[in-house]
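A.B. asks: Listed below, chain by chain, are the residues.
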Amino acid sequence: MNGFTASELNELRNQFPALHQSIYGKPLIYLDNAATTQKPQLVIDRITKYYTFENCNIHRGVHYLSQEATAAYEDVRAKVAGFIHAAKSEEVIFTRGTTESINLIASSFGKLLFETGDSVLITGMEHHSNLVPWQQLCKNHNGELLVAELDERGEVSMEQYGKLLEQKPKLVAITHISNALGTVNPIKEMIAMAHANDIPVLIDGAQSVAHMRIDVQELDCDFFVFSGHKMYGPMGVGVLYGKQKWLEQMPPWQFGGEMVDQVSLHETTFNQLPFKFEAGTPNVAGVLGLGAAIDFLQQTDLEKIGLHEMIILNYALEKLKSIPGIRIIGNAAERAGVISFVVEGTHPSDIGTLLDKMGVAVRTGHHCAQPVMTHFNVPGTVRASFAAYNSLAEADIFVEAVQKAVNMLC
Amino acid sequence: MTIQEIQEQIVSEFSVFDDWLDKYNYLIEMGKEVPRIDERFKTNNHLISGCQSRVWLHAENRESKIYFTADSDAVITKGIVNLLIRVFSGQSPEAILDADTNFIEQIGLKEHLSPTRSNGLVSMVKQMKLYAQVYKLKQDN
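Sequence lines, in order, name chains A and B.
Sequential numbering of the first sequence, starting at -3, is according to our numbering.
Sequential numbering of the second sequence, starting at 87, is according to our numbering.
Read the hints as simulated data drawn from the structure, not as lab findings.
Hints may contain errors.
What the hints assert, rightly or not - A few chain B residues that don't get close to chain A, going by computed Cβ distances all over 12 Å: (1) I89; (2) P121; (3) R126; (4) N130; (5) R140; (6) V161; (7) K222.
Unchecked claim - Below 27 Å or equal to it, Euclidean Cα-Cα: the simulated DSS-like pairs (lysine-lysine) are: (8) K22/A <-> K222/B; (9) K353/A <-> K118/B; (10) K353/A <-> K196/B.
Each residue gets a CB set at the ideal place from its N, CA and C atoms; glycine is no exception.
Using the sequences and the hints given, assemble the complete structure.
C.D. replies: This is the structure:
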């Protein structure tokens, strides 16, 4: 199987209005997809349609619009469950995004299971959003945050990971793909190792759902979290998948309307799953937009997208390596989505500024993963991240632009 | 020269460039010539927050005028700091406090003015004005 043909790619790009614009008089080359992807027309249209014709509050109205919108909202829950191969729709909780999903678990799962001295095991490549909640949870329980360190290629040492599991952390929380390095963690193996020690596992899928097929049952992860906006969907909506056995036991983390069953002035009984975790009016338009994004991914063929991106990424990576003084940060055997680099004698922000003037949008800085920067002893990196709509021609322009920036700076 | 005159001079220097490349090359050259901060002042106390690259800024008061020195680990940022130093260094606290920075827009570096911009130009101007405020208060007392 190959990536997209030229005509397929052209057709795909035509679905994204934002790609067809000029920046400083140059065609936009958008390589900041790990931060957020652009949105296809069908996602934009779905949100517009909701606010134009369908707007109303869900789950409580007896009137027509409310019932239609409730049905559409719940259809997306089933669609998400199918997309990640969850056993049941009730295992899908809508949140504001990956960060909120992780905070929900840290708060609720923390209340359920954490006692003084308990620890959480993460890796040295976590995004701050899969680090700080656990660090704080551990601190609050006088426990230790256990960290599986990275080697010089940016891979987790499995031997050390195994040893840390023997310290019996209450939870393992690891990213599927590093947003700063592109490392794809061997999560199936890591989950199995944790389960062999009776430790549940949370997978941060923010950087993986848009690039590969996810099957939470096959992975056997206990929690899987991701954001809509990094998978062609809208901002402000995300997913927390959790195994029913955990979600049933976990206490609610926010209180209010929607999540309750019976309320008197002094007592409340809570609604069942998934509603007990969705207090207040949800982001209905966002959820419907997320549903459209899943339609887009399925229509376009996720497997083909992954393959296409891999071709572009490897092509750009090889070309970049020919630039004198370049140092690729993160050289894991399994990589997806991003290339991070620095160039000797230059600062990432200088390169980013010059690339911007050439119409190339990349991210510079620490990518919300400061410990990763410390590990590689760099102030930050330049990060190019790829999506379904990027082309080999764009990779060429990107690498030429980097070379031009380096020539100016050195 | 007054702040206004220096700003006009800079605007006129930049007016000869008709494309961004020359403009940034000039900025990079200026970055290499920034009045360097004494190494002993390159401490966290002199770091300007809000910049993706690190920027250190130091101010000294001599005969009622403020003199700035700076450094950064990013050369374009240094070029921008150098522009600001050219404009503000050697001026009185009052003149610095009263000055606007319209010249940044006029030389086509408007995109660096956004408060969220990672090079923190806004933070640099704010820090320079803060120094001016402090020296003015000291003088008034």
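A.B. asks: Where does the structure disagree with the numbered hints, that is, which hint numbers, in rising order?
C.D. replies: Those not satisfied are hints 5, 6, 8.
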